[in-house]
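Number of protein chains: 2
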Amino acid sequence: MTTSFYAPVDHFSDDRVVLPEDEARHAVGVLRHGVGDVLRVVDGEGRAVFVRLDKATKTAVEGIVEREDEREIEPPIRVTIGIGMIKHRSRFETLLEKATELGVRDIVPLITWRTERDRIREERAEGILVSAMKQSHRSWLPRLHEPTPVSTFVETSQHDARVICHEAHGDENASEIRLRRDSSLALMIGPEGGFTEDEVGDAVQHGWQLMQFGPRRLRAETAAIAAIASIIGAVESQPRFTI
Amino acid sequence: MTTSFYAPVDHFSDDRVVLPEDEARHAVGVLRHGVGDVLRVVDGEGRAVFVRLDKATKTAVEGIVEREDEREIEPPIRVTIGIGMIKHRSRFETLLEKATELGVRDIVPLITWRTERDRIREERAEGILVSAMKQSHRSWLPRLHEPTPVSTFVETSQHDARVICHEAHGDENASEIRLRRDSSLALMIGPEGGFTEDEVGDAVQHGWQLMQFGPRRLRAETAAIAAIASIIGAVESQPRFTI
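If you're matching them up, the sequences are chains H and P in order.
Residue 144 in my numbering sits at position 164 of the first sequence; the count goes up by one each step and never skips.
Residue 3 in my numbering sits at position 23 of the second sequence; the count goes up by one each step and never skips.
Do not take every clue at face value.
Stated by the list, open to error - Mimicking DSBU-like on lysine-lysine, the simulated pairs with C-alpha atoms at most 30 Å apart in a straight line are: (1) H:67 - P:38; (2) H:67 - P:67; (3) H:38 - P:38.
As the list claims (entries may be wrong) - Residues from chain P that face chain H, not an exhaustive set, calculated with beta carbons under 7 Å: (4) -17; (5) 11; (6) 14; (7) 73; (8) 110; (9) 111; (10) 117; (11) 211; (12) 222.
Claimed, not checked - Residues of chain P clear of chain H, computed beta-carbon distances all greater than 10 Å: (13) -11; (14) 5; (15) 53; (16) 81; (17) 103; (18) 109; (19) 136; (20) 195; (21) 213; (22) 215; (23) 221.
Note that these hints are calculated values from the structure, not bench results.
As the structure is a prediction and not an experimental result, all values here were calculated from the model.
Cβ atoms here follow ideal geometry from the backbone N, Cα and C, with glycine treated the same way.
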């Protein structure tokens, strides 16, 4: 099973699935699938199924859901990443891809004091999210939100745990967070140049916990990817390394 | 302190440092440094110092070491990453940059059964390593090795701990590794399509430990970045998340 296909929820009716046109072309035109083959199809909202094709032309690929894929591929917590808009588009796109592969559910580009960009090429971004979801066999398509002022994100976030990544603030920094299964975590990463002290102070005042991830200065997208990998890896009980 | 400069060891003599020409141009031409300013300079072999300039023209920037930078910015273990050569150059370059920022010391591109590329643009790669070292304030410049057959790497690696990342092998998989301070760890990641069972078997026979990082299928460079971030984060006692 090397590929998953994506059919949004409105392409399902009862146990029947019709692949979108571009997915149909890929399945038949490129991968040479035909009637009788079983494909793994995800709906982007948490459902993954195995579908046996009963129609397979280059423009129409349809079939019946044989069974659900019950494997636990999604992480046990819902991670939202809020990140200062990144100036270089390719770095932002690297973040979108890696965050998706690693299991993030929501990505909120933040408009901050030091942000130098405020637009996203949405269609291109959506393509990256879909590819990474299929590649990683996830069943949730991460949602890329509209660029949001950091103060709005800080004030309105309803997540069970809220963490702002920032350089050392000494004893103020939290060193451990316990999460419940299915709880939500918001993780906020600054833009190039970091958050201002005012922005950090505002978050702390609204109950966000300060955390520092390591002594090296990381680019914004590297910090985000590293924090996501560490956190989701830890709650999934991946291999542990100690010293 | 937002920038570090790089002067290879042969640019130091006693406590005197002469910046290489391109670093000199950057220091004076772009950042407008002058006589009397103090710069942070790293030698790429573990030394970071503060240098007070006593000469500053666009082609010659020199000074005296005032003091060593004693902060612990390098990780407490030496990580080598062996990774199947990546077909897309930009993905390999993302790996070089992120591995450097996150603290890796050696990068060995592996020639494996499923590898589809066997050349690296060395000058370009070196530039990426140097930039990422300076950006992250590291003092070690990672070494990018020649492309190496996976069997050679498996057989000749002398690291204290050796881990091969691969999909679930059930009970064979290790779940915990204890490392000593200053010990060395080799981490091997497959190419697109993964290692063959023969390659995995060979590694296991040579004492490598199998590990799986999470249930999602990751691209090679994502798997490498995630494993590095998790491992170095854990041994540096970064914030802990539990469920």
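Right, here's what the structure says about each hint:
1. As the CA atoms of residue 67 of chain H and residue 38 of chain P are separated by approximately 29 Å, the hinted pair is consistent with the 30 Å bound.
2. A distance of roughly 26 Å separates the Cα atoms of residue 67 of chain H and residue 67 of chain P; the hinted pair therefore holds under the 30 Å criterion.
3. With a C-alpha separation of about 62 Å, the suggested pair residue 38 of chain H and residue 38 of chain P falls outside the 30 Å cut-off, and the hint is violated.
4. Annotation: residue -17 of chain P was flagged as interfacial toward chain H, and the flag is violated, the nearest CB pair being 10 Å apart, outside 7 Å.
5. The beta carbon of residue 11 of chain P is not positioned within 7 Å of any beta carbon in chain H (closest approach about 15 Å), and the interface hint is therefore violated.
6. Of the supplied interface hints, the one on residue 14 of chain P is violated, with its beta-carbon coming no nearer than about 24 Å to a beta-carbon of chain H, more than 7 Å.
7. Taking 7 Å as the C-beta contact cut-off toward chain H, the hint placing residue 73 of chain P at the interface is violated, the least distance being around 10 Å.
8. Interface hint status for residue 110 of chain P: violated, as the beta-carbon distance to the closest one in chain H is roughly 15 Å, over 7 Å.
9. Interface restraint check for residue 111 of chain P: the shortest CB-CB distance to chain H comes to about 10 Å, outside 7 Å, so the restraint is violated.
10. Look at residue 117 of chain P: its Cβ gets to within about 5 Å of chain H, closer than 7 Å, so that hint holds up.
11. Annotation: residue 211 of chain P was flagged as interfacial toward chain H, and the flag holds, the nearest CB pair being 5 Å apart, inside 7 Å.
12. With a cut of 7 Å, the hint placing residue 222 of chain P at the interface with chain H holds, because the nearest CB-to-CB distance is about 5 Å.
13. No Cβ of chain H comes within 10 Å of the Cβ of residue -11 of chain P; the nearest lies about 21 Å off, and the non-interface call holds.
14. For residue 5 of chain P, the non-interface assignment is confirmed: its Cβ lies about 22 Å from the closest Cβ of chain H, beyond the 10 Å cut-off.
15. Listed as outside the interface, residue 53 of chain P is inconsistent with that label: its C-beta sits roughly 5 Å from the nearest C-beta of chain H, within the 10 Å cut-off.
16. Taking the minimum C-beta to C-beta distance to chain H, about 5 Å, the non-interface status of residue 81 of chain P is violated against the 10 Å cut.
17. No Cβ of chain H comes within 10 Å of the Cβ of residue 103 of chain P; the nearest lies about 20 Å off, and the non-interface call holds.
18. Distance check on residue 109 of chain P: its Cβ is at least 14 Å (rounded) from any Cβ of chain H, clearing the 10 Å threshold; non-interface status holds.
19. Distance check on residue 136 of chain P: its Cβ is at least 23 Å (rounded) from any Cβ of chain H, clearing the 10 Å threshold; non-interface status holds.
20. The beta carbon of residue 195 of chain P is not kept farther than 10 Å from every beta carbon of chain H, the shortest such distance being approximately 5 Å.
21. Its closest Cβ contact with chain H, about 4 Å, brings residue 213 of chain P to no more than 10 Å, contrary to its assignment away from the interface.
22. Residue placement check: residue 215 of chain P does not keep its beta carbon more than 10 Å from all beta carbons of chain H (closest about 4 Å).
23. Non-interface status of residue 221 of chain P relative to chain H is broken: a Cβ of that chain comes within 10 Å, the nearest being about 4 Å off.
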